[in-house]
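With the hints as your guide, set chain R onto chain P.
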Amino acid sequence: MKIVLIAGYLGSGKTTLIIALSKQLAGQGTKIAILVNDVGAIPVDGAVMQEYGLTVKDIGGGCICCQVAGNLMKTLETLATSVRPDIVIIEPTGIAVPDAIRQTVLLSARKNPVEMGHTIVLFDTSRAAKFLTYDTLKRLVSLQIRDATIIGLSKSDLVTREEVEAATHAVREINQGAEVVRISTVTGEGLSSLAGRILSAAVTA
Amino acid sequence: MKFKVQCAGPENPAHQDINSHSEEGFFLSSEGLDPAELRFLARDAVHLVASGCETAGAKDVSHVKAFIEHSSGFLHADTVGGNGEITVAGRDGKKTKLFRLVMNAVIYGLSEESIRTAAEQAIETVRVQYGLTRETAQEKKS
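Protein sequence lines correspond, in order, to chains P and R. This note's numbering puts the first residue of the first sequence at 53, with every later residue one more than the last. This note's numbering puts the first residue of the second sequence at 1043, with every later residue one more than the last.
Bound conformation, chain P alone (with noise of 0.2 Å):
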């Protein structure tokens, strides 16, 4: 069972993004399973994922980087014993550190069938200016990108090329191993290549 996490900022894209793979990865004969942890008190996200006819599991109470890590573990270890999907993609809340969560990943990965596959962070190319303009919330867009193997600038089709090329040089400033594609959901962008990556051999953290 393959854990792949898709984190960014809140607003970048991570819901739609999870939805269009998932299609495209579940039409390959890849059984998937989607673990959704949302920032609100009632969730949302994971509601309408299942309204799009995907296998999802809500992690509530808090976020999984630090409050609920411990259901996350419960819920690695049930999905692996009951639902045995292929790839489980979790989607943390937009102010997870995705480092966190990987750790949490390679503790249950001890005693489940477990391996680590990407950490992807999208970064909202269109709200890139604002990003890094407020101190705390440029630290904490900064540590997620600094965690990820691979980069992905969403929302590519709203932005020149100009300003996904200055998002490009601000990431890859904060994290120059990681992988950078443009992805937009809206033209398909990106997609493609991702979900290749996504079923490539597992990544070591």
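Because the hints were derived from the structure by calculation, they are not lab data. Worth double-checking, as some hints may not be accurate.
Derived lysine-lysine pairs resembling DSSO-like cross-links, with alpha carbons at most 30 Å apart [what the hints assert, rightly or not]:
1. 83(P) <-> 163(P)
2. 1136(R) <-> 109(P)
3. 1101(R) <-> 182(P)
4. 1101(R) <-> 75(P)
5. 1101(R) <-> 190(P)
From the structure, some residues in chain P lie toward chain R, with a derived Cβ separation under 8 Å [unchecked claim]:
6. 99
7. 136
8. 139
9. 179
10. 186
Here's a subset of chain R near chain P, in silico, CB distances under 8 Å, partners left out [claimed, not checked]:
11. 1064
12. 1066
13. 1105
14. 1113
15. 1114
16. 1116
17. 1128
18. 1130
19. 1133
20. 1134
21. 1146
22. 1148
23. 1150
24. 1154
No residue lacks a Cβ here, since even glycine has one placed at the ideal position from N, Cα and C.
Same frame as chain P, but now just chain R:
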């Protein structure tokens, strides 16, 4: 309903400036709302919460979402970044008399109380505008 983000592990430096508020309610329309009206309602609710938070001084309207669930379909609407663009999607159903509405607002640089005020005012405005009566989730369950 408030959700204060708290970190048990190493403190995340940005959590302190991010707050959220969730509202849930069941709404009744005596005449019923057709699918187009319901889409406008979702859009209006998201717009009013976002603009209310901006007026109250939010630094970033990080994500405002509405989820509407009824017997023959569902809708979700959202806006990010305070750019005024609202996306509405879902599956339209028949004319709807009863539906569940969930609003989630996650805002950077605004207090929980201010987000709650903006959300409550927005929902009340929409309720009056569309001629609805409201039951809380607890009343509905009982």
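Verification of the hints:
Between residue 83(P) and residue 163(P) the CA atoms are separated by roughly 21 Å; this keeps the pair inside 30 Å, and the hint holds. A C-alpha spacing of about 29 Å is found between residue 1136(R) and residue 109(P), which places the hinted pair at or below 30 Å, so the restraint holds. For the proposed pair residue 1101(R) and residue 182(P), the alpha carbon gap of about 9 Å is at most 30 Å, so the pair holds. Straight-line distance between C-alpha atoms of residue 1101(R) and residue 75(P) comes to about 35 Å, which puts the hinted pair past the 30 Å bound.
For a cut-off of 30 Å, the pair hint linking residue 1101(R) to residue 190(P) stands: about 13 Å separates their Cα positions. About 6 Å separates the beta-carbon of residue 99(P) from the nearest beta-carbon of chain R, less than 8 Å, and the hint is met. For residue 136(P), the interface hint is violated, since its Cβ never comes within 8 Å of a Cβ in chain R; the closest pair sits about 28 Å apart. Interface hint at residue 139(P): violated, since its Cβ lies 24 Å from the closest Cβ of chain R, which is beyond the 8 Å cut-off.
Nearest Cβ of chain R to the Cβ of residue 179(P): about 5 Å, under the 8 Å cut. The hint holds. Restraint check, residue 186(P) versus chain R: the minimum CB separation of about 6 Å is within 8 Å; hint holds. A least Cβ separation of about 4 Å between residue 1064(R) and chain P falls short of the 8 Å threshold, and the interface hint therefore holds. The interface hint given for residue 1066(R) holds, since its Cβ lies 5 Å from the closest Cβ of chain P, which is under the 8 Å cut-off.
Interface restraint check for residue 1105(R): the shortest CB-CB distance to chain P comes to about 4 Å, inside 8 Å, so the restraint holds. Nearest Cβ of chain P to the Cβ of residue 1113(R): about 13 Å, over the 8 Å cut. The hint is violated. For residue 1114(R), the shortest C-beta to C-beta distance to chain P is roughly 12 Å, which exceeds 8 Å, and the interface hint is violated. For residue 1116(R), the interface hint holds, since its Cβ comes within 8 Å of a Cβ in chain P; the closest pair sits about 5 Å apart.
The beta carbon of residue 1128(R) is not positioned within 8 Å of any beta carbon in chain P (closest approach about 12 Å), and the interface hint is therefore violated. The interface hint given for residue 1130(R) is broken, as the beta carbon of that residue sits about 12 Å from the closest beta carbon of chain P, more than 8 Å. With a cut of 8 Å, the hint placing residue 1133(R) at the interface with chain P holds, because the nearest CB-to-CB distance is about 7 Å. This hint is violated: residue 1134(R) has a C-beta 12 Å from the nearest C-beta of chain P, more than the 8 Å allowed.
Here the hint on residue 1146(R) is kept, as its CB sits about 3 Å from the closest CB of chain P, short of 8 Å. Annotation: residue 1148(R) was flagged as interfacial toward chain P, and the flag holds, the nearest CB pair being 5 Å apart, inside 8 Å. The beta carbon of residue 1150(R) is positioned within 8 Å of a beta carbon in chain P (closest approach about 6 Å), and the interface hint is therefore held. Interface restraint check: residue 1154(R) against chain P, minimum CB-CB distance 11 Å, threshold 8 Å, status violated.
Hints 4, 7, 8, 14, 15, 17, 18, 20, 24 from the earlier list are contradicted by this structure; the remaining hints agree with it.
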